[in-house]
Amino acid sequence: MAEFLDLQTAIQSTVRDGDVVALEGFTHLIPFAAGHEIIRQQRRDLTLIRMTPDILYDQMIGMGVARALRFSWGGNPGVGSLHRFRDAVENGWPHPLLIEEHAHAAMAAAYQSGAANLPFATLRGYIGTDHPNVNSQIRQIVCPFTAERLAAVASIRCDVAVIHAQRADRNGNVLLEGILGVQREAVLGAKRAVVTVEEIVDDFGPRSPNTTILPSWVITAIARVPRGAFPSYAQGYYPRHNGFYLAWDEISRDRDRFLAWMQRYVLDRREVLGPDCLQGVAA
Amino acid sequence: MAEFLDLQTAIQSTVRDGDVVALEGFTHLIPFAAGHEIIRQQRRDLTLIRMTPDILYDQMIGMGVARALRFSWGGNPGVGSLHRFRDAVENGWPHPLLIEEHAHAAMAAAYQSGAANLPFATLRGYIGTDHPNVNSQIRQIVCPFTAERLAAVASIRCDVAVIHAQRADRNGNVLLEGILGVQREAVLGAKRAVVTVEEIVDDFGPRSPNTTILPSWVITAIARVPRGAFPSYAQGYYPRHNGFYLAWDEISRDRDRFLAWMQRYVLDRREVLGPDCLQGVAA
Amino acid sequence: MNVKPATRSETMIVAASRALKNDDVCFVGIGAPSAACNLARLTHAPDIVLIYESGTIGTRPNVLPLSIGDGELCDTALTTVPVPEMFSYWLQGGRISIGFLGGAQIDRYANLNTTVIGPYDAPKVRLPGGGGAPEIGAHCKQTFITMALNRRTFVDQLPFITSFGHGRGGDHRRSLGLTTAGPTRVIADMCILEPEAESKELTVTALYEGVTRDDVTRECGWPVRFADTLATLPAPSEQELRVLRDLQERTRIAHGAVAA
Amino acid sequence: MNVKPATRSETMIVAASRALKNDDVCFVGIGAPSAACNLARLTHAPDIVLIYESGTIGTRPNVLPLSIGDGELCDTALTTVPVPEMFSYWLQGGRISIGFLGGAQIDRYANLNTTVIGPYDAPKVRLPGGGGAPEIGAHCKQTFITMALNRRTFVDQLPFITSFGHGRGGDHRRSLGLTTAGPTRVIADMCILEPEAESKELTVTALYEGVTRDDVTRECGWPVRFADTLATLPAPSEQELRVLRDLQERTRIAHGAVAA
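Chains as they are written, first to last, in the numbering used here: chain A, 1 to 283; chain B, 1 to 283; chain C, 1 to 260; chain D, 1 to 260.
So that you can see chain A by itself, here it is in the shape it has in the complex (with noise of 0.2 Å):
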């Protein structure tokens, strides 16, 4: 069953070093808070996985809490690179980043083939690329019916899933809707999972029978933190903050920058950020 904790003890009591993490998030419902509260604890070597690493990750891979990445698109959407991702497989900085890379099909179905308790995923995938040239758990498996030749994969099962969540009820059962992403899998495929929640409610109440619910039992942690996931966004709570995105480019493109506003918004306050991060950083 699922235990109501403060975010800080939350993440206290289940991510340790060297763990293989997942925050996940298809651009909606991103867990920056918790992801935040990651850093500042100040974890070390955890393998961090997720389809679309963003600002997120490129805020935990500059403040050194990654040794590798599995992931399948390492940008800022709609905006360009991801420069504190870059600097660390360019340069090393802050010290050398492992990748293991992957195209979203392949990451998909790892999830849920991690879900799904089994060890591989099987896919139509990678068919003339280069991807499997450069990564050895792109492996091929032959379909015992028709002789195909098919991409395998191996499935993702973390250790931590941190995922965000509209709401949760006072059983500890989440609700979540919208662009769903993989977090359902991410978290069905892990040892322990904690949700951060915009907030608890008594009941859900009417809904469609088949409401998109992890429920209780399925959740180690939950914790309340309203708007948990800004600047991404929470569908039917607060929109993405746009303009957030375009101005990590810059904030991102120098290390001591880059340091300064972590220093001031992340490590200095508790609180979960707000429009007024781009203060005293913004062009």
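Treat the hints as calculated values from the structure; they're not laboratory data. Check each hint, because a few of them may be wrong.
[As the list claims (entries may be wrong)] In silico SDA-like links for lysine to any residue, alpha-carbon gap of 25 Å or less:
| id | chain 1 | residue 1 | chain 2 | residue 2 |
| --- | --- | --- | --- | --- |
| 1 | A | K191 | C | N22 |
| 2 | D | K141 | B | N171 |
| 3 | D | K141 | A | I127 |
| 4 | C | K124 | B | L98 |
| 5 | C | K141 | A | N91 |
Once you've looked at the hints, dock chains B, C and D against the given chain A.
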């Protein structure tokens, strides 16, 4: 794009003798009216696929529509045997029925991999059971990462999938909710898809962003058939007629009684079944 | 209050319900398992999570379903997921603590047959088949089996293993790579049997009130063994019987009303 | 009405939008593809189905999304499915008629690189990577590519093939088991290129107004070939430009407002 047709035309233009056909529904939304139309049109040599061939398939098998059946549980849910299915398997009446027998998990996975255009599905299945000894379509596959041996089954990709749903909008998009079974997978893995619906609405109106909707462009034909799932049910429209399921045990036990019922309630009339369909036959 | 004594079938359901804990997550089948799980929920295990293979998670039906997918199960569920997801993420995913199975036949190692009587290719009786049972037996942390005990159901040799229990006994289960416990309890209508620790042969560990060793020996299709210390199962309490009978009466009326 | 002449980028978007039909189902990427698809929807192809890899099916955004998963896409979609389903049932399932791709680099056989400049293990520039592109290129019935044409983008040799186009040309695609058509059109900001029927080498088939052969030859990183009959693409109409600029203005205001 889906075409709106009457049921007779929809079946006539999509289901051909010898086709591989799935009329799916897991207890809920079973497309009885469409199946009865197939019987009336005297289709022959169909390979029928369904996880839970229940009364509808009992009727189709008893009326000689099927040449083969791929299934995972062939009973009258909560009641007992399917006597027409048994008669076909045990005595070859009205003619022999080839069976390819699976477990639910394998059928569900095969529908998924069919919808995903993969040739096979992998599962941790059939461990220690006798199914692989009687079904050459259950094979082994070795994980290229862990060397574990897992079960593989061929994907399900039908010529025609037939389902019943709550409603379509005027553009031919189809909404279903409640117990969803494998209907979406059956449709997405099929060459042609026929959907009967309780009603056609101007617009689905306000709804969850993740509502289960099949877009018009994956559907071949839509027919408006109110009560088209009776004596199964349509969540939000009418309940399951459990009494019919109980009564079917008696009706179907005897070949002549079965034929008389089919003549009276399916062949001699074109309307969908109603509660009156037990008149003259119920105990 | 004067309560009619429990039938053997009722005693079996009550015994099964008592085996369930408040924090269990149960994969429920139709019939006795469904009655037992809901009885547990309505008595000592109010928070027990009930899952039916039709996809309904955390369901709290007011009447027992006739089928595995009655609307009542969906109406009262926390949520309902598609069937492929139920079998992949939830069952195979290892999320279920207790699976409930029944069957047409069981052998001394708690293997089950629900497929066929006689040869597979020339069956004497074609049964419905496995459905969810093969993987329920494999992936739930443990399974309970409920079945009436008689010479047709408790047999020396199965014509077909639909759901693997302890195979040929001993460490057969583990040798196939199964990490779950498998059948840990058979709740029959005369007694409870449990696999002996080493051999995994089913052994009678408790008799119902009024049932003798001879009764069990006579009805069992193999020379059944008894534990050294044999318990007598306390009879169903008045409260258990009342809740169960109310539930079954509500069910009868509900299904009758629909049938009428 | 006096409309400012089209920029090359606008001409490219308009040319791409014209290539789309009312019954297409498009897998849309961010940037020029998104602008082109929505321009088509707002002009000659009102029923075109737009799908973004975040799971939004049949979306009709009022402003262009900045990211592939902006709330606007979900708010205006017919429905939104989980990402694994988008890639398995919809893309790999073969349900998409047109995939739109861009990239950092393209070669003469319409292979694309969005992974790395320089050696993979010691990159000069680490690019974002493939995302959906490898399988968009494989599974859509055909793909369109939009890219600005210059010597940095149209290159002789790719350091990495992120998305396979026509490989080394000829029947390379088919020989790998791909049954889809692959890149059928490259809509650049100076001209349109199409794979030559046999060799599959990209060949200029139409020039934009005011662009000469020499302009294209000078900017292209390989000795580019021209079709025997070279069309001149009609300039964007006033209506196309107005709709596109209105869309981009709405977008600017919407994103600016959020940024403020």
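A quick look at each hint next to the structure:
{"no.": "1", "hint": "A:K191 <-> C:N22", "in the structure": "holds, 22 Å"}
{"no.": "2", "hint": "D:K141 <-> B:N171", "in the structure": "holds, 24 Å"}
{"no.": "3", "hint": "D:K141 <-> A:I127", "in the structure": "holds, 15 Å"}
{"no.": "4", "hint": "C:K124 <-> B:L98", "in the structure": "holds, 17 Å"}
{"no.": "5", "hint": "C:K141 <-> A:N91", "in the structure": "violated, 48 Å"}
In summary, the one numbered hint that this structure violates is 5.
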